[in-house]
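Participant: Each chain is listed here by its residues.
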Amino acid sequence: MSPHDLALLCQKQLQYTKHLNYMLQQTSSDVLEKQAKISEQLYSQGTAKALEGIPIAFKDNFCTLGVPTTCGSRMLLNYVPPYNATMVEKVLEAGALMIGKANLDEFAMGSGSTDGCHGPVINPWSMVTTPSGERLSPSVADQSSDGSDWFVAGGSSGGSAAAVAAGACLASFGSDTGGSVRIPASYCGLVGLKPTYGLLSRHGLIPLVNSMDVPGIFTKTVTDSAIILNAVAGHDNKDSTTVQESHTPIQIDEDIDISKLNVGIPKEFYVPGLSEEVVTVWREIADLLEKAGARVTEVSMPHSRHCIICYHVLCCCEVASNFSRYTGIEFGLRCGSEESTEELYAENRHHGFNDVVRGRILAGNFFLLRRNYERFFLKAQRIRRLISNDFKNAFSAGVDFLLTPITLSDAPSHSWFIQKDSRTRSAEQDVVTTAANLAGVPAISLPLKLSRQNLPLSLQLMGPRFSESRLLSLAHWIENEVQFQHLDLDFHSVEESAENQFQFNDVIRK
Amino acid sequence: MRVWTKLRLSKTVCLRKFSFRSALCRPRTTVICFNCGSLYKGKVTQFRTFCFASEDQRRNLDLEPADRQKQSQTSWEPVIGLEIHAQIKSASKLFSGAGTQYGASPNTQVSLFDAAFPGTLPVLNQRCVQAAVRTAQALGCHINCVSKFDRKHYFYADMPAGYQITQQRHPLAVGGSLTYVYQCSITSFVERRSARLIQIQLEQDSGKSLHDLENGVSLIDLNRAGHGLMEIVTEPDFTSGDDAASFVKDLRDLLVAIGTCDGRMAEGSMRVDANVSVNRPGEPLGTRTEVKNINSTRNIRLAIDSEIERQIRVLEGGGVIENETRSYDAEDGQTIPMRDKEKLLDYRFFPEPNLPPLVIHCDHSTISPWSPSLSVILEKDEDFEKMLLPEQQRKRLEEKYGVPLIHSVVLVRQGLFDLFEILVNQHSCEVWATTAVLKTPYVAFLDDHKVDSEESPVSIEQLAELIHIFQREKISSSSLSLVLNELAVNSSISCQSVIEEKGLWIVDCDDVIFAAIDEVLAKNPQNVKSYKKGKTNQIKVFTNKVIKILDGKANTMRIQQLIKDRLDKRF
Numbered sequence: 024m025s026p027h028d029l030a031l032l033c034q035k036q037l038q039y040t041k042h043l044n045y046m047l048q049q050t051s052s053d054v055l056e057k058q059a060k061i062s063e064q065l066y067s068q069g070t071a072k073a074l075e076g077i078p079i080a081f082k083d084n085f086c087t088l089g090v091p092t093t094c095g096s097r098m099l100l101n102y103v104p105p106y107n108a109t110m111v112e113k114v115l116e117a118g119a120l121m122i123g124k125a126n127l128d129e130f131a132m133g134s135g136s137t138d139g140c141h142g143p144v145i146n147p148w149s150m151v152t153t154p155s156g157e158r159l160s161p162s163v164a165d166q167s168s169d170g171s172d173w174f175v176a177g178g179s180s181g182g183s184a185a186a187v188a189a190g191a192c193l194a195s196f197g198s199d200t201g202g203s204v205r206i207p208a209s210y211c212g213l214v215g216l217k218p219t220y221g222l223l224s225r226h227g228l229i230p231l232v233n234s235m236d237v238p239g240i241f242t243k244t245v246t247d248s249a250i251i252l253n254a255v256a257g258h259d260n261k262d263s264t265t266v267q268e269s270h271t272p273i274q275i276d277e278d279i280d281i282s283k284l285n286v287g288i289p290k291e292f293y294v295p296g297l298s299e300e301v302v303t304v305w306r307e308i309a310d311l312l313e314k315a316g317a318r319v320t321e322v323s324m325p326h327s328r329h330c331i332i333c334y335h336v337l338c339c340c341e342v343a344s345n346f347s348r349y350t351g352i353e354f355g356l357r358c359g360s361e362e363s364t365e366e367l368y369a370e371n372r373h374h375g376f377n378d379v380v381r382g383r384i385l386a387g388n389f390f391l392l393r394r395n396y397e398r399f400f401l402k403a404q405r406i407r408r409l410i411s412n413d414f415k416n417a418f419s420a421g422v423d424f425l426l427t428p429i430t431l432s433d434a435p436s437h438s439w440f441i442q443k444d445s446r447t448r449s450a451e452q453d454v455v456t457t458a459a460n461l462a463g464v465p466a467i468s469l470p471l472k473l474s475r476q477n478l479p480l481s482l483q484l485m486g487p488r489f490s491e492s493r494l495l496s497l498a499h500w501i502e503n504e505v506q507f508q509h510l511d512l513d514f515h516s517v518e519e520s521a522e523n524q525f526q527f528n529d530v531i532r533k
Numbered sequence: 003m004r005v006w007t008k009l010r011l012s013k014t015v016c017l018r019k020f021s022f023r024s025a026l027c028r029p030r031t032t033v034i035c036f037n038c039g040s041l042y043k044g045k046v047t048q049f050r051t052f053c054f055a056s057e058d059q060r061r062n063l064d065l066e067p068a069d070r071q072k073q074s075q076t077s078w079e080p081v082i083g084l085e086i087h088a089q090i091k092s093a094s095k096l097f098s099g100a101g102t103q104y105g106a107s108p109n110t111q112v113s114l115f116d117a118a119f120p121g122t123l124p125v126l127n128q129r130c131v132q133a134a135v136r137t138a139q140a141l142g143c144h145i146n147c148v149s150k151f152d153r154k155h156y157f158y159a160d161m162p163a164g165y166q167i168t169q170q171r172h173p174l175a176v177g178g179s180l181t182y183v184y185q186c187s188i189t190s191f192v193e194r195r196s197a198r199l200i201q202i203q204l205e206q207d208s209g210k211s212l213h214d215l216e217n218g219v220s221l222i223d224l225n226r227a228g229h230g231l232m233e234i235v236t237e238p239d240f241t242s243g244d245d246a247a248s249f250v251k252d253l254r255d256l257l258v259a260i261g262t263c264d265g266r267m268a269e270g271s272m273r274v275d276a277n278v279s280v281n282r283p284g285e286p287l288g289t290r291t292e293v294k295n296i297n298s299t300r301n302i303r304l305a306i307d308s309e310i311e312r313q314i315r316v317l318e319g320g321g322v323i324e325n326e327t328r329s330y331d332a333e334d335g336q337t338i339p340m341r342d343k344e345k346l347l348d349y350r351f352f353p354e355p356n357l358p359p360l361v362i363h364c365d366h367s368t369i370s371p372w373s374p375s376l377s378v379i380l381e382k383d384e385d386f387e388k389m390l391l392p393e394q395q396r397k398r399l400e401e402k403y404g405v406p407l408i409h410s411v412v413l414v415r416q417g418l419f420d421l422f423e424i425l426v427n428q429h430s431c432e433v434w435a436t437t438a439v440l441k442t443p444y445v446a447f448l449d450d451h452k453v454d455s456e457e458s459p460v461s462i463e464q465l466a467e468l469i470h471i472f473q474r475e476k477i478s479s480s481s482l483s484l485v486l487n488e489l490a491v492n493s494s495i496s497c498q499s500v501i502e503e504k505g506l507w508i509v510d511c512d513d514v515i516f517a518a519i520d521e522v523l524a525k526n527p528q529n530v531k532s533y534k535k536g537k538t539n540q541i542k543v544f545t546n547k548v549i550k551i552l553d554g555k556a557n558t559m560r561i562q563q564l565i566k567d568r569l570d571k572r573f
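Line by line, the protein sequences are chains D and R.
Going by the numbering used here, the first sequence opens with residue 24, and the numbers climb by one from there.
Going by the numbering used here, the second sequence opens with residue 3, and the numbers climb by one from there.
I should point out that these hints are in silico values taken from the structure, not numbers from a laboratory.
This one's a predicted model, so the numbers in the text were calculated from it and none came from an experiment.
Treat the hints with care, as some may be off.
[Unchecked claim] Quick partial rundown of chain R residues pointing at chain D, CB under 8 angstroms, derived from the structure:
#	residue
1	118
2	124
3	153
4	157
5	162
6	164
7	220
8	332
9	350
10	352
11	356
12	357
13	358
14	359
[Stated by the list, open to error] Across the chosen pairs, the derived CB separations fall in these ranges:
#	chain 1	residue 1	chain 2	residue 2	range
15	R	106	D	296	56 to 62 angstroms
16	D	362	R	93	37 to 43 angstroms
17	D	369	R	454	50 to 56 angstroms
18	D	315	R	348	53 to 59 angstroms
19	D	307	R	348	51 to 57 angstroms
20	D	61	R	454	55 to 61 angstroms
21	R	385	D	246	56 to 62 angstroms
22	R	103	D	88	34 to 40 angstroms
23	D	258	R	219	55 to 61 angstroms
24	R	103	D	362	31 to 37 angstroms
25	R	282	D	363	53 to 59 angstroms
26	D	358	R	103	54 to 60 angstroms
Ideal placement from N, C-alpha and C gives every residue a C-beta, glycine not left out.
All chains should be modelled from the sequences, with the hints used to inform the complete structure.
Facilitator: Below you can see the structure in the form of structure tokens.
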């Protein structure tokens, strides 16, 4: 398939799934076609670069030169960055085609991609199965009127995940602060990689929590994930928290010797509320590894139960600080009275942020008050150290990787998800994902099989810092073993038989 | 017998309570300057606050010395600590590549990071660290191998991120001290003092807000935002405005000498916050106020003294000093509470997550590529290591050449130390003459031409020739600046010919001198009479008049001697 055909195909997929509301800004077809043509030439000349002609989407919190970057917030609806994020720059340098900016929770705060000002993202799997067992109506975009229900894409990088799952691009970037890449990857049946903190530059990624944010990669396969990672990893002058060394390209070891591996099953990750289906797949994969000769041992990570509360305190503190720049003076929403600076700030911030963001700012400022600093921030930092030590202890005791659930169940329905507020949902959804962010270790969400509802079920693999090479090799081995059936919304046949336009079930490759 | 009259002087005392002027004009009255503690004789023309006497003491100025001493125990002790914000001399900002040119058009020295655009990250400017380390070394601080950055939060339009990156908890350097020369602004008293430092930290400068009241708009210039600052925090070691101002002057000289700050206070390169409190001797420290953003050494003195006076006034009126931030209004000569700062601002400090700890290395061997830290390797600079700091220069001037402190202060401050050594060592100029020529006429000459001594239009050889002529007493000190100005206009001309041309040779023809003396004595018979009655200081009056007749071309000492001879001979 030529880059041009690929671009056209992706555009078509995007067109057909527009109602899923995962894409905000779209690169125009003309521009894409032009770029695809250039890529095609480079391929024929044999000078194609690593990602030549590959359609890629970015979560709308990566700054893109001249392209609006809203973070899903009214505050930044009018914000057009004058520069590219390093991830964007590197991907473009490697020849990729940027197809657009993906929907998200406001400022990446959420776990369902339901809280952005652009409306919720609909899980593409809803097109083949719905909570009520019915197929999704084509007018799902205004679901509120017809009351039909659907599955959430997971968040906060739901748009990026949905874009890959729906076939609008081959890879996409999200940001993972507490599970924001791995959770939507799990719900949308994708490989979601959260690399080691510091391996990928955060320059140009609008921060949620600086000390935990990591650009994450969505792909359908582990090999693709490695290709993208190699194109973007390594030191960046503009981000002092990146590794000093330049990146040594990772190689997926096709002949990984599973019998030499020790896979830990942290008992604390058997959390209340874990669905029986997830427990089953967890057991099955553990058995699979054991059968292949791996040592599978139960390990203890005693501080894991404090992850959520620790995460929330630290998150709110950094949010309170990071978000004090959104005043509407230099950029962003400006709607207040100009009578006094304070009033202007207050009104801009009141109208610019949703409840979730304002709530976290308020909490963070409370935690950082001099009288509370010790009780909240410092204590949370100490707990973070203990959590990080849990990982160190496990890995230094001989465990190579940890295998854990990633979400409590398959994708929840939208109607269920919005019954509780964001704070509650995050606490439920992020319960097993935040540990990797707090410790800065790499983690990957891997789709394994379909649930009874015909939705993806995934597990998480975590390894020591900078162990991406081995982590992806193991993930690749498992991927080969389980042969997960990806969502394939094939619209070619649809076009041919217009009367069967919504018979998606029939076109899923089984 | 001489009686020391100990006067407690203050503005109110001088003007209201009794006639200060008459007290001083009484013969043989000696005042102890309460500003510096030195004995002071002579006319006090400036009615400045230089003592902080209590209301009681003011009322009881006529008490016997013993009683007054008792009273003095209820007087006030001012305690002052300083925070000096010195802009680091560097081509780019502390965390961004934007330029730092002063006076550039608004918002042209601004990077995206300086304007706090979302997604931008700080990248530490190594040169700023080098400069701060060099400063710390020059001040004898302990340099922390590992220091950390914090965020200090407050909303202000010229602080676009809503926080300032600073080093609150783990500063770059701690301890250290500076030996400075205390100079009294009323008397000519000078004294070596030393003040201890608490810490030196790196931090960002803020932008500037310009309020256009007429049109009701505020404008923001971010050119200064993000410029690297060294905040130098002292212990509360100062006792008066003069004391603090003297320290700042010497600190500025030091920073300029080592090239880490250009020291231009008028351009805001150095700004001072003063923490001021007063307490009774032996009692715990009083509540302090912070006078912010003082931008000249003169205002440091005035602001601190007026704040001390205000606090005493409040306390003696039964009031309470509140812990608050004030600013100095130079026009009114008093401090005023700052308008929109809350009384107790909670800055909600927390560690800057985008900057790993700053680690100072002496060489490459200790750097690990995998450690998440900002590594800075100290640059070796032999010039810096060999360089004599201002205090060392003063010491050398005093110890090797015998120049008194009061003069060495001037020579060193004006950057004339090297020139002095060259003149004395290579051109065999005498120390007294070199000092006399350099410290006043030459400094004034450089000042008039607005040049440094390196760019002086008068060559070292010409200067040496002039000093030689001066030390042979062939020319009077009042003619020196005339000669210098002539030399500046015509560099090829020799000193000798300038003096010749202008007729500046000293008058050493006795006939001419005696003629002048006789003229003066004849015209002032009253003074001659009082001289005869024992008022020997009349000699000075005569001398001045004679010198005037001689157009200043005379040697004062010689004239004085001749007048004395004449008077004694005549009568």
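Participant: Look at each hint and say if it fits the structure.
Facilitator: Tested hints:
no., hint, in the structure
1, 118, "holds, 4 angstroms"
2, 124, "holds, 7 angstroms"
3, 153, "holds, 6 angstroms"
4, 157, "holds, 6 angstroms"
5, 162, "holds, 5 angstroms"
6, 164, "holds, 3 angstroms"
7, 220, "holds, 7 angstroms"
8, 332, "violated, 25 angstroms"
9, 350, "holds, 4 angstroms"
10, 352, "holds, 6 angstroms"
11, 356, "holds, 5 angstroms"
12, 357, "holds, 6 angstroms"
13, 358, "holds, 6 angstroms"
14, 359, "violated, 11 angstroms"
15, 106(R) x 296(D): 56 to 62 angstroms, "holds, 60 angstroms"
16, 362(D) x 93(R): 37 to 43 angstroms, "holds, 40 angstroms"
17, 369(D) x 454(R): 50 to 56 angstroms, "holds, 52 angstroms"
18, 315(D) x 348(R): 53 to 59 angstroms, "holds, 57 angstroms"
19, 307(D) x 348(R): 51 to 57 angstroms, "holds, 53 angstroms"
20, 61(D) x 454(R): 55 to 61 angstroms, "holds, 59 angstroms"
21, 385(R) x 246(D): 56 to 62 angstroms, "holds, 58 angstroms"
22, 103(R) x 88(D): 34 to 40 angstroms, "violated, 27 angstroms"
23, 258(D) x 219(R): 55 to 61 angstroms, "violated, 44 angstroms"
24, 103(R) x 362(D): 31 to 37 angstroms, "holds, 35 angstroms"
25, 282(R) x 363(D): 53 to 59 angstroms, "violated, 43 angstroms"
26, 358(D) x 103(R): 54 to 60 angstroms, "violated, 35 angstroms"
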